[in-house]
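Enquirer: One-letter residues, chain by chain:
Protein chains: 2
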Amino acid sequence: MAEQRSWTENDFLSCCGSSRFARAMMAASPFSDLQHAIQLARNIWFNEIDVNGWLEAFADHPPIGATSKPISQWSKEEQSTAVATSTDSTMQELIEWNARYKEKFGFVFLICASGRSTPEILSELKKRYSNRLIIELEIAAQEEMKITELRLARLFESKASTAPSLTTL
Amino acid sequence: MAEQRSWTENDFLSCCGSSRFARAMMAASPFSDLQHAIQLARNIWFNEIDVNGWLEAFADHPPIGATSKPISQWSKEEQSTAVATSTDSTMQELIEWNARYKEKFGFVFLICASGRSTPEILSELKKRYSNRLIIELEIAAQEEMKITELRLARLFESKASTAPSLTTL
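Listed in order, the protein sequences are those of chains F and A. Just so you know, we're using my numbering here: the first sequence kicks off at 1 and counts up by one. Just so you know, we're using my numbering here: the second sequence kicks off at 1 and counts up by one.
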């Protein structure tokens, strides 16, 4: 079992903004490896979080294209392809459709943006806008989990690179 | 087209406790008949209400077996079979499982209780408790609509009985 630096609730909150999720992951740690952590995270997210925890996590994401409030470095990097491929007019359209989506469903449009261009994201947003609420809740929960898995992987990398080296005899 | 007394937002709030639902029904009224009203209500509820509106409506129901806060006459009548068939111990068990359900999912256990006995309701609650959150949100939304339809029917009856008679020449 690889040595892991100790975990904090803030580590897990940086992966998924539900405090119930973070507490449950703390209680479940340490993990034998990343796959073990992801397996536990999926079970907690889909089976142990109440509806308020889901909404708390969704609310923790900046809308794609948001410029008005501070955005975490991870969100910035996840959205870097979108930002690089956007023009002023597509970005403006994305901001408008985001607002329309939030007005209809009551939470921010969630998509695992890593590697996706702005036109791709905009097209997905327009398609998903016509869905029923229950369908969007399901998709948003799935996308949240994809984002959480990517962030857990980064967390493991950063823990590994700062962990003390093992002494072998 | 049958004459209908004018509608108020409170009429619709007494059928479904989401203020967005009540406003949308007001905007859609008057209705050609009950079936027309139900058709509009279903579309509004499933396609036009955001997640906060769903939770607002769910929160408007007393937990089955609740005795601590005032319960509307309609809720009382809808739960009358359950109350008549309950014993102290089944009612106690129902109250405990309701609390457990709310702790897991973040909203009250919703079931269209009309004509259902306490053992039936308790058995449904235990079965549904093991569901995933997204499944329970879908079932709760369906049950909410069943309750709303029954209440719309009662509202139409009460409007009809107080409407001025039509003068025929």
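Calculated from the structure, these hints are not laboratory results. Treat the hints with care, as some may be off.
[What the hints assert, rightly or not] Restricting the straight-line Cα-Cα distance to at most 30 Å, the calculated cross-link-like pairs of lysine-lysine (DSSO-like) are:
1) F/K159 - F/K126
2) F/K146 - A/K104
3) F/K159 - F/K127
4) A/K76 - F/K104
5) F/K146 - A/K102
Note that this is a predicted model, so its numbers are computed, not measured.
Enquirer: Would you mind marking each hint as holding or not holding in the structure?
Expert: Evaluated hints:
Between F/K159 and F/K126, the direct Cα distance comes to roughly 39 Å. Violation of the 30 Å bound is thereby established for this hinted pair. For the suggested pair F/K146 and A/K104, the alpha carbons sit about 23 Å apart, so the restraint of at most 30 Å is met. Pair hint F/K159 plus F/K127 does not hold up; C-alpha atoms about 39 Å apart against a cutoff of 30 Å. At most 30 Å may separate the alpha-carbon atoms for a hinted pair to count; A/K76 and F/K104 exceed this at roughly 33 Å.
Taking the CA atoms of F/K146 and A/K102, the gap is about 27 Å. The hint holds against a cut of 30 Å.
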